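Those protein sequences? They're chains A and B, same order as listed. Residues in the first sequence are numbered from 15 upward in steps of one, following the working numbering. Residues in the second sequence are numbered from 233 upward in steps of one, following the working numbering.
In case anyone wonders, no lab produced these hints; they're calculated from the structure. Predicted model only: the values in this text are computed from it and were never measured. Glycine included, every Cβ here is placed at the ideal spot set by N, Cα and C. Check before you lean on any hint, since a few could be wrong.
[As the list claims (entries may be wrong)] Pairs of lysine to aspartate or glutamate, DMTMM-like flavour, derived with a Cα cap of 20 Å: (1) B/K476 x B/D517; (2) B/K467 x B/E335; (3) B/K476 x B/E335; (4) A/K163 x B/E289; (5) B/K332 x B/E524; (6) B/K477 x B/D517; (7) A/K163 x B/D286; (8) A/K163 x A/D116; (9) A/K81 x B/E394.
[To be verified] Take a look, some chain B residues computed to stay more than 10 Å from chain A by CB distance: (10) P247; (11) K332; (12) S700; (13) T708.
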Amino acid sequence: MTSQPKSTKRTQIPGELVFACLLLSLSLLIAFYALSISGFSSMSSPGSIPMLAALFMLVSSLITVIKTTGTTTKNSTFITRLTPPILLFFASISLTYILVIDQLGFLISSGLFLFASILALYRQGPSIAMLVSINTLAIIYIIFRLIFKVILPEANLWE
Amino acid sequence: MSQAFEYFSMGWVDPYLFFLTALGTFAGIYVGAIPGLSVTMAVSILISFTFAWDVNEALALMAGVFMGGVYGGSRTAILLNIPGAPSAVVTALDGYPLAKRGEAGSAIGLSTVMSFIGGLIGIITLMIAAPIISEFTLMFAPRDYFLLAILGLLLVGALSGESLAKGIFCAALGVTLGMIGLDPLTAEERFTFGNLELTGGVPYIAAMIGFFGIAEVFVQLHHLDIKPIRQNLEKILPSWKLVKKYLPLSLQTSGIGVIVGALPGTGGDIASLLAYDHAKRITKDPSVPFGEGAYEGLIAAETANNAAVGGAYIPMLTLGMPGDAVTAVMIGALFIHGIQPGPLMLTETPHLFWFTVGNLTLANLCILIFGLTGIKLFSKIVQCPKGILLPIIVVLSVVGTYAIQNSVVDIYWMFGCGVLGYFLKMYGYQVAPIILGIILGPMIDVSYRRAALSVQNDIGLFFWEFLSNPISLILTASVFLILLNQFRNRKT
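Work out the full structure: start from the sequences and follow the hints.
Take a look at the structure:
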């Protein structure tokens with residue numbers, strides 16, 4: 015009678031192997047471009063360190079792919095584990111915020127972003143979200159624009 | 233000597249510099265204490281606001297944030313069993329049981345005094361050791377700088393987390409990102425793909441804010457519902473009798489903290505761990521068993537991690553080599569102010585060295601003052617809901633990134649690095665090696681190629697020089713010893 019060996023394998027996070035393969039592909043691409051800088055022309059060529067770095071990226075990402083291939087997947091999906099709805103929502107409004115900041119200017123875009131994100135994350139109703147957003151924005155503006163003289167993005171939508 | 237004292241006291245006598253150091257320390261304590269916010273994140277964001285400032289003002293603020301942040305991490309470790317920083321993980325072992333016993337106030341008070349003692353010993357060591365090391369390193373050739381940068385990059389072993397391969401990948405990715413733009417020796421384009429925006433290189437402050445700030449915000453969205461526990465905080469000020477009782481242990485663990493902090497690849501987290509282990513071995517009769525609220529365990533960890541700050545400044549200022557992720561970011565901050573940390577810093581800009589030492593001393597004193605007062609305000613601020621805090625961090629990151637070059641493209645870089653950093657973190661990759669690579673990459677590139685050019689690209693002579701010169705030989709041996717040690721540690 016043989017006893018079943020206890021499994022010590024770590025489980026794989028959903029999408030881990032795909033991510034490792036993507037990094038391997040990125041390494042291959044970087045290696046290709048590093049080689050095209052100056053090839054193996056001399057020890058002190060501009061491409062020598064980029065080629066060495068690309069080599070390290072290739073080898074280490076290959077090791078990661080091999081190690082990940084031998085693991086079992088966790089019983090959850092990529093969506094629930096890595097991109098839950100709240101994260102997708104927050105990432106989307108963050109992306110929208112940085113894309114419109116140039117058009118709407120700092121104050122309007124930051125105000126809208128703060129209101130929407132605090133409303134969704136803090137979940138205490140629109141009046142609280144509005145109050146916190148306005149106060150936060152006022153403090154940030156006074157500290158950075160008026161005291162530290164930091165330049166903030168200005169609206170160019172109406173220009 | 234009198235000139236050194238003059239530079240040292242600059243931050244103490246100038247009211248504005250004094251205010252900035254105090255403000256930095258105050259802010260650092262709170263940033264370090266709020267779980268999810270790190271000192272590295274705070275310093276990264278701060279660089280973008282202070283880059284246009286006078287260098288002394290910027291250094292004063294950042295030294296305060298650094299010192300305060302390391303101390304602040306222990307507060308939540310004691311009160312909530314959530315270390316605010318990796319260096320406070322060991323603090324929680326005995327700190328939290330003390331809080332559960334109703335002795336949170338006493339634990340915070342004693343840890344504050346011991347942190348002050350540890351910090352002071354670290355700074356005194358920095359004052360004595362840095363000029364000696366700096367004089368010695370003036371004899372360094374380009375190949376030695378190359379070896380030094382490699383030594384710094386070996387820090388990746390300690391920052392890699394669960395997988396060394398993933399750590400190496402991130403460091404190499406960082407080096408590659410650092411290579412983007414025009415080659416500093418030949419002006420040849422590297423990884424620019426013909427894009428004019430890329431010829432100036434990656435805006436590394438934006439990358440830092442993305443990797444440390446935005447990525448962490450996304451990670452923290454998974455822990456939105458964690459509610460802090462309220463603690464009873466009374467009797468903060470420790471008695472002289474108690475301080476005297478634990479002073480010998482505090483002095484011993486300060487020594488451990490300074491030495492460990494000065495070694496590349498080791499920081500406050502390892503220092504506190506080793507000091508805790510030392511305290512466990514030498515304490516025959518602890519107040520209560522270790523791990524159940526022993527003051528000895530709390531003191532050992534707290535003194536060591538604060539002493540490690542002074543220790544970490546030694547290789548940073550004298551060799552330009554980061555001791556941990558925060559010092560890597562601090563080197564970036566010095567670069568952006570046109571200061572090259574390294575052997576020439578003490579001869580070319582001694583005022584900056586002594587000014588920094590003076591500021592660290594002042595920040596250490598501020599820790600003592602702020603640590604023993606304002607505890608009620610503190611407990612309110614650390615309970616700030618993440619639903620409010622996280623959007624504010626995003627706005628601050630945007631403001632900070634835009635401030636560097638007034639460019640929206642930098643904000644896109646920051647966001648891209650943040651998204652990449654999030655997935656890297658979630659899949660077990662650490663982002664600190666990327667920053668290490670970005671900072672050390674250009675130094676490796678230039679020093680390696682200068683060393684190769686000095687031997688007319690003769691590969692045999694190139695390697696022979698590493699073995700024939702005593703300094704290079706010591707550095708080469710150090711590289712191999714650290715490598716060997718890291719592989720051995722990984723196996724065990």
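Results of checking the hints against the structure:
Simply put, B/K476 and B/D517 have alpha-carbon atoms about 17 Å apart, close enough for the 20 Å limit, and the pair holds. Of the supplied pair hints, the one linking B/K467 and B/E335 holds, its CA atoms being roughly 9 Å apart against a limit of 20 Å. This hinted pair checks out: B/K476 and B/E335 have alpha carbons roughly 19 Å apart, not beyond 20 Å. At most 20 Å may separate the alpha-carbon atoms for a hinted pair to count; A/K163 and B/E289 meet this at roughly 15 Å.
Restraint check for B/K332 and B/E524: satisfied, since their Cα atoms lie roughly 10 Å apart, inside the 20 Å limit. Of the supplied pair hints, the one linking B/K477 and B/D517 holds, its CA atoms being roughly 13 Å apart against a limit of 20 Å. Taking the CA atoms of A/K163 and B/D286, the gap is about 14 Å. The hint holds against a cut of 20 Å. Between the alpha carbons of A/K163 and A/D116 the distance comes to roughly 19 Å, so the proposed pair stays at or under 20 Å and holds.
Between the alpha carbons of A/K81 and B/E394 the distance comes to roughly 12 Å, so the proposed pair stays at or under 20 Å and holds. The Cβ of B/P247 sits about 16 Å from the closest Cβ of chain A, beyond the 10 Å cut-off, so the non-interface label holds. Distance check on B/K332: its Cβ is at least 29 Å (rounded) from any Cβ of chain A, clearing the 10 Å threshold; non-interface status holds. The non-interface label for B/S700 is consistent with chain A: the shortest C-beta to C-beta separation is roughly 18 Å, beyond 10 Å.
With a least CB separation of 17 Å from chain A, B/T708 remains clear of the 10 Å interface cut-off, as annotated.
Checked against the numbered hints above, the structure violates none of them.
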